[in-house]
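**Q** Chain residues, written in single-letter form:
Number of protein chains: 2
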Amino acid sequence: MLDRVDEIIDTFISELNDKRSRELFEKISSGKKLRAKLILKIAPNSKDAPFLAAIVELIHAASLLHDDVIDDALTRRGNSSINALFGNKSAIMLGDILYSKAFYELAALDKEVAKVVSNAVVKLSVGELMDVELSKEFNEDEDLYFDMIYKKTASLIEAASKSAALLEGVDSEKFALYGKNLGLAFQIIDDILDITAESSKLGKPSMHDFFEGKVTLPYIKMYKKLDEDGKKRLLKLYKKELNESETGWIREKMKSTEAIKESVEIVNFLANEALLSIKEYQKDDLERVVRDMVEREY
Amino acid sequence: MLDRVDEIIDTFISELNDKRSRELFEKISSGKKLRAKLILKIAPNSKDAPFLAAIVELIHAASLLHDDVIDDALTRRGNSSINALFGNKSAIMLGDILYSKAFYELAALDKEVAKVVSNAVVKLSVGELMDVELSKEFNEDEDLYFDMIYKKTASLIEAASKSAALLEGVDSEKFALYGKNLGLAFQIIDDILDITAESSKLGKPSMHDFFEGKVTLPYIKMYKKLDEDGKKRLLKLYKKELNESETGWIREKMKSTEAIKESVEIVNFLANEALLSIKEYQKDDLERVVRDMVEREY
Chain Z
0 MLDRVDEIID TFISELNDKR SRELFEKISS GKKLRAKLIL KIAPNSKDAP FLAAIVELIH
60 AASLLHDDVI DDALTRRGNS SINALFGNKS AIMLGDILYS KAFYELAALD KEVAKVVSNA
120 VVKLSVGELM DVELSKEFNE DEDLYFDMIY KKTASLIEAA SKSAALLEGV DSEKFALYGK
180 NLGLAFQIID DILDITAESS KLGKPSMHDF FEGKVTLPYI KMYKKLDEDG KKRLLKLYKK
240 ELNESETGWI REKMKSTEAI KESVEIVNFL ANEALLSIKE YQKDDLERVV RDMVEREY
Chain C
0 MLDRVDEIID TFISELNDKR SRELFEKISS GKKLRAKLIL KIAPNSKDAP FLAAIVELIH
60 AASLLHDDVI DDALTRRGNS SINALFGNKS AIMLGDILYS KAFYELAALD KEVAKVVSNA
120 VVKLSVGELM DVELSKEFNE DEDLYFDMIY KKTASLIEAA SKSAALLEGV DSEKFALYGK
180 NLGLAFQIID DILDITAESS KLGKPSMHDF FEGKVTLPYI KMYKKLDEDG KKRLLKLYKK
240 ELNESETGWI REKMKSTEAI KESVEIVNFL ANEALLSIKE YQKDDLERVV RDMVEREY
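If you read the sequences in order, they're chains Z and C. Take the first sequence: its position 162, counted from the start at 1, is 161 in numbering that gives the first Met the number 0, and no numbers get skipped. Take the second sequence: its position 41, counted from the start at 1, is 40 in numbering that gives the first Met the number 0, and no numbers get skipped.
Read the hints as simulated data drawn from the structure, not as lab findings. There could be a bad hint or two in this list.
As the list makes no split between identical chains, a pair holds if one copy fits it or if it spans any two.
Stated by the list, open to error - Each computed DSS-like pair below joins lysine-lysine, with the alpha-carbon atoms no more than 27 angstroms apart:
#, residue 1, residue 2
1, Lys114, Lys238
2, Lys46, Lys114
3, Lys114, Lys18
4, Lys224, Lys173
5, Lys235, Lys278
Bear in mind the structure is a predicted one, so any value in this text is a computation, not a measurement.
Model the full structure from these sequences, guided by the hints.
**A** Written out as structure tokens, the structure reads:
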């Protein structure tokens with residue numbers, strides 16, 4: 000069924016009737032299509048599910064195009080980003096094209112579905128702006144962090160699950176909660192891996208978030224546990240290009256303060272909440288999505 | 000009724016529930032609201048008209064935010080642009096927020112209206128990308144220029160007119176044609192004024208388009224009429240910061256080749272087409288919009 004989603008996306012791009020858009024689109028490295036998979040698994044009996052999945056993946060692609068411009072990211076999924084290949088202007092405009100095409104197609108679907116998905120894009124955009132704001136100064140407020148990652152990352156996964164449940168005619172609030180908690184866990188894992196994984200695995204430099212000004216959950220947790228000298232040292236490294244001794248110090252402190260451990264515990268808690276909210280449906284494949292995401296080496 | 004549109008826009012911004020979005024939005028210099036005016040004039044009997052007008056103005060504001068990032072424009076309507084005040088990142092994200100909020104609200108309207116408006120945003124974005132592409136090298140192809148300005152500028156004015164006609168229950172194709180031709184004329188006037196008007200009137204440097212790589216209609220017409228030496232000289236000035244003798248030469252040649260005159264004739268032709276398409280409705284106020292736009296000093 001994912002092939003069907005790709006076919007629909009391909010049709011969307013052809014309908015733009017613009018050679019340059021096609022050319023740029025072809026250079027986007029395709030991802031794991033988590034959102035499309037969720038939609039197809041939640042709404043196996045809906046004829047609109049592949050169509051909705053294609054729309055949501057288009058929205059996700061658009062958001063990543065703008066995200067990479069915002070973050071000055073030169074790579075995405077280990078390949079060159081569109082802004083690196085063709086410049087910021089083309090990346091911004093291709094993002095706008097994909098967004099608007101997705102919204103155009105969304106108008107053909109059920110109104111409630113259209114509202115759920117478009118409302119998520121509002122949140123996603125507000126979340127990106129929050130991310131920009133929070134990256135200006137060292138943020139030690141966990142609530143702000145959670146609000147931001149909910150909007151920036153979890154809202155679209157929540158909307159994918161919820162809208163698919165609407166199509167399938169199952170309890171949309173329960174599936175919304177599944178998607179929300181899955182999305183939060185997903186972002187925190189991403190934030191942990193930025194610290195603990197090898198840069199070769201990440202496809203980008205390790206600890207790049209902190210350099211970009213992003214004080215993610217493990218940093219907030221670590222900061223709180225550090226003594227005054229440690230706090231000062233961490234603040235000095237904020238937004239700096241780090242050498243090996245500095246990244247080594249951060250890694251060591253992430254361990255000794257149990258910042259990573261506590262972050263992983265939150266991931267596990269969220270994953271469990273996600274599983275609980277749809278327990279009654281006994282959806283093995285949706286449970287596996289959660290387990291595959293969580294059960295890994297940090 | 001324009002006050003009502005402003006109130007609705009204000010409500011949209013409040014509903015974002017984000018202080019920073021509000022703060023940035025307040026700094027956008029408000030324009031003449033051409034699109035809102037058209038909608039209100041075309042659909043005086045529709046209760047949804049002010050709501051549609053607010054949505055279309057939000058979309059227009061979003062497109063200008065991204066347009067100013069694309070063009071590295073530091074001013075807009077004589078004031079500092081959002082990208083100049085708060086940086087490209089905030090301008091891109093505020094644009095995404097306004098776009099998505101507009102699309103969210105659009106989902107509450109008639110499906111056909113939602114399709115017309117969202118399809119215009121697809122065209123608008125493709126048009127912006129075309130503009131970026133056409134600005135890379137000297138473009139002497141008039142057809143490409145017209146296709147680009149139709150998409151970039153006229154499509155949303157066309158959609159505003161068409162969707163308002165749908166709400167009012169009058170011939171939407173005729174009003175679409177009115178909006179399209181009005182929009183084309185509007186953009187060509189803008190392109191002429193960039194050459195002929197004082198920079199104090201423009202609120203930006205004169206002949207900035209050419210510096211930005213935009214070969215607008217008068218330049219295309221002038222280029223065709225120049226002899227080989229003139230062509231070479233014009234190509235040499237392309238994308239260059241121009242001194243007074245160079246802008247003087249361009250102005251002189253714009254006159255002697257009748258490039259401005261021919262461009263104005265096309266504006267008049269388009270304006271007349273706009274008037275003809277809705278003649279039977281005897282809408283004085285819509286005719287005045289066209290005349291006010293066209294009857295001016297170039």
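**Q** Starting from the hint list further up, note which numbers the structure goes against and sort them upward.
**A** Going through the list in order, the structure violates hints 1, 4 and 5 and respects the others.
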